[in-house]
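There are 2 protein chains.
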Amino acid sequence: MDTLGRHLILEMWGCCKDIIDSVDAVKEILAKATESTKATLVDVVCHRFSPYGVTGVAILAESHISVHTWPEYGYAAGDIFICGSTINPQNAASFMIQAFQAKETSLLELKRGDFFAMKIRDGRPMEMNANAIDSQSTGYL
Amino acid sequence: MDTLGRHLILEMWGCCKDIIDSVDAVKEILAKATESTKATLVDVVCHRFSPYGVTGVAILAESHISVHTWPEYGYAAGDIFICGSTINPQNAASFMIQAFQAKETSLLELKRGDFFAMKIRDGRPMEMNANAIDSQSTGYL
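The listed protein sequences correspond, in order, to chains A and B.
In this text, residue positions in the first sequence follow the working numbering: the first is 0, and each later residue adds one.
In this text, residue positions in the second sequence follow the working numbering: the first is 0, and each later residue adds one.
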C-alpha cells in the first residue's frame, strides 16, 4: 500500500439553485453519495446559512464527503475523501454531479498520506511503481 | 471578488500518536484551530475508530476544518476550507501543526469557486489580475 487515501476535489457550477439551497436535499444527496460508493456512513451533519447556502458533511468510516453551496452563484464545492483501496470515490462524484444537476464541473484527485512522497523527499532511490501509469491519482503532496 | 474560498490541504507526518488517537484532543484542537482564525464555529463532530484513528470535522460559518488520523503511521490529514477573504486559513494550519506536533508537513493551497477559472475555460479575454503575483493560492480547478 503506497497511499492512505484518495481525495477528490469537485467543483460544480450551474447547479440547480433550489436543490443546493435545501438542507433536506443536501443531506439526502450526501447519504446516497455514500451509498453509491458502498462506504459506511457514520453521521451526516448539515447546516443552513442565512440568507442562503448549505454546508453538509457526511462522516464515513472511510473518512468524509462534504459539500458547501453558494446558491446565489449556482456553485457547490464537493470533497470526497476515501481511505483504503476497496472503495472508489469517483462513484460519489458522479452521483453528486447528477444529483446537483451541475452543468460544468472540474475534478482533481489528490493522494493523501502518500508514502512514496515521503521517500522522494527523503532522497531515497525509488523503484518503478508498476501501477503508476494507470494510477488515477494526480497529486503528490 | 474572484474566488469563493481558500482550501488548504495539510499533510502531517511524525505526529504525536497519543494526541492523534484521542477524540478529546482532536476535538479541542479543531475548536482552537477555529479560534486561531477567528472563524465562527457551528459544530464539531468527532468519531473514534477501532482499533485506532480519529475523524473530526469542525463545521464553520466559513466552511470547515477536518482531520483524519492514522496513529499507526503517525500521520494526520488536515483540510482547512475557508470562504470569504477576511479570514486566513493559514493560522489554523500553523496551529494544527504545532498541536499535533507534526515533524514533517506539506501544504497545498487551492482556490475553490474560482471565477477566473470559469472565464479561462470559456475562452474569454483576461485582464491582468493586479493581485495575482502576490496571490497565495496555487491551484486553478
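Since the hints were made in silico from the structure, they are not lab data.
Take the hints with a grain of salt, since some may be wrong.
Which copy? The list can't say, so a pair holds if one copy fits it or any two copies do.
35 Å max Cα-Cα, derived DSBU-like pairs, lysine-lysine [said to hold, decoys possible]:
no.	residue 1	residue 2
1	Lys102	Lys31
2	Lys26	Lys16
3	Lys31	Lys16
4	Lys102	Lys26
5	Lys16	Lys102
Quick rundown of the hints versus the structure:
1. Lys102 with Lys31: within (20 Å within a copy, 38 Å between copies)
2. Lys26 with Lys16: both (15 Å within a copy, 33 Å between copies)
3. Lys31 with Lys16: This pair counts as both: shortest intra-copy Cα distance 19 Å, inter-copy 34 Å.
4. Lys102 with Lys26: Result: close within a single copy only, 21 Å intra versus 37 Å inter.
5. Lys16 with Lys102: within (12 Å within a copy, 44 Å between copies)
In summary, this structure violates none of the numbered hints.
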